[in-house]
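Work out the full structure, taking the sequences as your base and the hints as a guide.
From first to last, the protein sequence lines are chains S and X. Under this note's numbering, read the first sequence as residues 170 to 282, first letter to last. Under this note's numbering, read the second sequence as residues 18 to 129, first letter to last.
In short, the hints are calculated from the structure, not lab data. Keep in mind it's a predicted model, so treat the numbers as computed, not measured. Hints are not guaranteed to be accurate.
As the list claims (entries may be wrong) - In silico lysine-lysine, DSS-like type, Cα no more than 30 Å apart, as pairs:
id : chain 1 : residue 1 : chain 2 : residue 2
1  : X       : 32        : X       : 90
2  : X       : 82        : X       : 121
3  : S       : 178       : X       : 26
4  : X       : 74        : S       : 183
5  : X       : 26        : X       : 124
6  : X       : 116       : S       : 178
7  : S       : 178       : X       : 121
8  : X       : 90        : X       : 26
9  : S       : 178       : X       : 90
10 : X       : 39        : X       : 82
11 : X       : 32        : X       : 116
12 : S       : 178       : X       : 74
13 : X       : 121       : X       : 74
14 : X       : 39        : X       : 90
15 : X       : 116       : X       : 74
16 : X       : 26        : X       : 116
17 : X       : 32        : X       : 74
18 : X       : 124       : X       : 74
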Amino acid sequence: NAGVTQTPKFQVLKTGQSMTLQCAQDMNHEYMSWYRQDPGMGLRLIHYSVGAGITDQGEVPNGYNVSRSTTEDFPLRLLSAAPSQTSVYFCASGGLAITATQYFGPGTRLLVL
Amino acid sequence: AQRVTQPEKLLSVFKGAPVELKCNYSYSGSPELFWYVQYSRQRLQLLLRHISRESIKGFTADLNKGETSFHLKKPFAQEEDSAMYYCAPSTLFWGGSEKLVFGKGTKLTVNP
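If you want it as structure tokens, here you go:
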């Protein structure tokens, strides 16, 4: 049971490049989400999904796309990277309940030059 | 609007001293309350949640519905408690809410 996995661990991009951050979970969780973590800003929700085929925007969705074709995978796409997207990105998954614990991945450090 | 406030960005105490990390929330209804912790270069993980009424690593958290607070406390801090702590009120799937929003976090440093 690997839990929540993220790839890559670290990535450097040039402004304007696109890339996909991968997230997978093997706990059969319906709820998955993406956060970015910035100093002084805490964790901010980018996008989330309540099941395969269902996604919605969080607090800071601009510049990011997501899709959820399977229960296990929830990739985050940066369409045209900008320096403001330099951050640490965390994927999380959990059950569909108010009492559900969220399980986090190890994070992806992204540097946009 | 839903809001969670952790008033201290940084908190520094000496080993053996009591520590309290504050969390105030403004939510409609009755959210479930969580504290998550992130140790250096590790992933975030659940520390404790109100519904379990448990003490984890010596930490407890008291829910005060009147003050809408869920402060995290430990009577004697240890150096290994140094970490980033996040408060997270959850109304997931209650009243139609599907967003889980975290506080901005408090960085706790326990000095020897």
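Hints, verified against the model:
1. 32/X / 90/X: holds (14 Å)
2. 82/X / 121/X: Holds - the C-alpha atoms of residue 121/X and residue 82/X are around 21 Å apart, at most 30 Å.
3. 178/S / 26/X: holds (26 Å)
4. 74/X / 183/S: violated (43 Å)
5. 26/X / 124/X: The given pair, whose Cα atoms are some 6 Å apart, holds under the 30 Å limit.
6. 116/X / 178/S: Holds. Residue 116/X to residue 178/S sits at ~25 Å (cutoff 30 Å).
7. 178/S / 121/X: The hint holds at about 23 Å.
8. 90/X / 26/X: holds (16 Å)
9. 178/S / 90/X: Violated, at roughly 33 Å.
10. 39/X / 82/X: Status holds; Cα separation ~14 Å.
11. 32/X / 116/X: Distance ~37 Å between residue 32/X and residue 116/X Cα, so the pair is violated.
12. 178/S / 74/X: holds (29 Å)
13. 121/X / 74/X: Given that 30 Å is the threshold and the Cα spacing comes to 22 Å, the pair holds.
14. 39/X / 90/X: holds (9 Å)
15. 116/X / 74/X: Holds. Residue 116/X to residue 74/X sits at ~28 Å (cutoff 30 Å).
16. 26/X / 116/X: Roughly 23 Å between the alpha carbons, so the hint for residue 26/X and residue 116/X holds.
17. 32/X / 74/X: Cα-Cα ~15 Å, so holds.
18. 124/X / 74/X: The hint holds at about 17 Å.
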